[in-house]
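Novice: Same order as they appear, the protein sequences are chains L and D.
Taking the UniProt record's numbering, the leading residue of the first sequence gets 1, the next gets one more, and so forth.
Taking the UniProt record's numbering, the leading residue of the second sequence gets 1, the next gets one more, and so forth.
Treat each hint with caution, since some may be false.
[Unchecked claim] One side only, chain L facing chain D, incomplete, derived with CB under 8 Å:
{"hint": "1", "residue": "V17"}
{"hint": "2", "residue": "F18"}
{"hint": "3", "residue": "V21"}
{"hint": "4", "residue": "K22"}
{"hint": "5", "residue": "P30"}
{"hint": "6", "residue": "V51"}
{"hint": "7", "residue": "L62"}
{"hint": "8", "residue": "P63"}
{"hint": "9", "residue": "L72"}
{"hint": "10", "residue": "S74"}
{"hint": "11", "residue": "T83"}
{"hint": "12", "residue": "D84"}
{"hint": "13", "residue": "C100"}
{"hint": "14", "residue": "L101"}
{"hint": "15", "residue": "G134"}
[Stated by the list, open to error] Far from chain L by the CB rule (all over 12 Å, computed), these chain D residues:
{"hint": "16", "residue": "V26"}
{"hint": "17", "residue": "E102"}
{"hint": "18", "residue": "E104"}
{"hint": "19", "residue": "A109"}
Bear in mind the hints are in silico, worked out from the structure with no lab data behind them.
Being a predicted model, the structure only gives us computed values, none of them experimental.
Even glycine gets a Cβ: it sits at the ideal position worked out from N, Cα and C.
2 protein chains.
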Amino acid sequence: MAQEAQAENGSNASPVVFAAVKPWLVVEAPKANDAVQFYKAAFGAEEVNRVNHPKRKAEQELPLVLSAELKLGSSSIVVSDLTDDAPAPVKSAVSGSVFCLETEDVEAAVSKAVAAGAVAEGEISEGEGACCGGRVGRVKDPYGNVWLICSPSKKCADVAA
Amino acid sequence: MAQEAQAENGSNASPVVFAAVKPWLVVEAPKANDAVQFYKAAFGAEEVNRVNHPKRKAEQELPLVLSAELKLGSSSIVVSDLTDDAPAPVKSAVSGSVFCLETEDVEAAVSKAVAAGAVAEGEISEGEGACCGGRVGRVKDPYGNVWLICSPSKKCADVAA
């Protein structure tokens, strides 16, 4: 199964093609449904799919969310409830990452997120780097995730020179 | 600045449009360059932009990476070195998330990632949920990030019913 020698370096001639990266956000149960509502209100996300936890349907008023997929621009994110019997990938879902959201109107986007319940962190400033090379604001959502709201970089050529 | 009453709920009539979500991976300095090479080898990522840390260029052989942007399918991820004087967003870049990579050939993708230095965690199995509704493998990369390698779901309608 794809154990060709070329796979040792894996830099070319591989048939593996990925469609996209989908960040998966795990929130303390049963807050995933709230989180979905928040991402709709704060970022204009659109829910495209949801699977509830089958074991919980009869026990609780609010079914736990095994995963809800939200479309956000050209990307998708997935939101899940973290529970004691969550699937293994969910239970150990902690990594070092923040999420950049690129938009032309940073101020409006930050205001909208804050109106929806996010907390603005710091002032909107000039960013550095590939993700946030223009203006960048920063908000923390109610579930502990940090989102950078960035305008597209207009100075990459200068900075890299 | 976009403080209209409608922003209170933020669910409609807003001019805010996001292009995409870019997950930002922060790795212990100076491993970001290694991480970029790893993502190229493991996942076929293509580097589209890099900004080095301006203060470090003269002091160190290997310039620290302020941010490197990698294209991975239709998505972009950003990789940065975490340093004591990193920009604030980078320093507090810890959130609860994993990354789903959707592909038709889960076995080949896991093999390629492992050949490049990732560690497979568990067996490839049937997934549950919106992100990994088909077959799903799981690898941890050398920088602590968990990636789920998933085939597209073919049973969402069944599960949701």
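Novice: If a hint holds in the structure, say so; if it doesn't, say that too.
Specialist: Hints, one by one, checked against the model:
Restraint check, V17 (chain L) versus chain D: the minimum CB separation of about 6 Å is within 8 Å; hint holds. The interface hint given for F18 (chain L) is met, as the beta carbon of that residue sits about 4 Å from the closest beta carbon of chain D, less than 8 Å. Against a cut-off of 8 Å between C-beta atoms, the interface hint on V21 (chain L) holds, since the closest Cβ of chain D lies about 4 Å away. Interface hint at K22 (chain L): satisfied, since its Cβ lies 4 Å from the closest Cβ of chain D, which is below the 8 Å cut-off.
The closest approach between the C-beta of P30 (chain L) and any C-beta of chain D is roughly 15 Å, which is over the 8 Å cut-off, so the hint fails. With a least beta-carbon distance of about 5 Å to chain D, the hint placing V51 (chain L) at the interface is held under the 8 Å criterion. For L62 (chain L), the suggested interface contact is broken, since its CB lies about 16 Å from the closest CB of chain D, more than 8 Å. For P63 (chain L), the suggested interface contact is broken, since its CB lies about 11 Å from the closest CB of chain D, more than 8 Å.
Look at L72 (chain L): its Cβ gets to within about 5 Å of chain D, closer than 8 Å, so that hint holds up. Taking 8 Å as the C-beta cut-off, the interface hint given for S74 (chain L) holds, the closest approach to chain D being about 5 Å. Among the interface hints, the one on T83 (chain L) is violated; its C-beta lies about 13 Å from the nearest C-beta in chain D, farther than the 8 Å criterion. Taking 8 Å as the C-beta cut-off, the interface hint given for D84 (chain L) is violated, the closest approach to chain D being about 16 Å.
Annotation: C100 (chain L) was flagged as interfacial toward chain D, and the flag holds, the nearest CB pair being 4 Å apart, inside 8 Å. Annotation: L101 (chain L) was flagged as interfacial toward chain D, and the flag holds, the nearest CB pair being 5 Å apart, inside 8 Å. Residue-level restraint check for G134 (chain L) is violated (minimum Cβ-Cβ distance to chain D is 12 Å; threshold 8 Å). Its closest Cβ contact with chain L, about 4 Å, brings V26 (chain D) to no more than 12 Å, contrary to its assignment away from the interface.
Listed as outside the interface, E102 (chain D) is inconsistent with that label: its C-beta sits roughly 4 Å from the nearest C-beta of chain L, within the 12 Å cut-off. Distance check on E104 (chain D): its Cβ comes as close as 7 Å (rounded) to a Cβ of chain L, failing to clear the 12 Å threshold; non-interface status is violated. With a closest Cβ-Cβ approach of about 5 Å to chain L, A109 (chain D) is found to fall inside the 12 Å limit, against its non-interface label.
Of the numbered hints given earlier, the model fails hints 5, 7, 8, 11, 12, 15, 16, 17, 18 and 19; all others are met.
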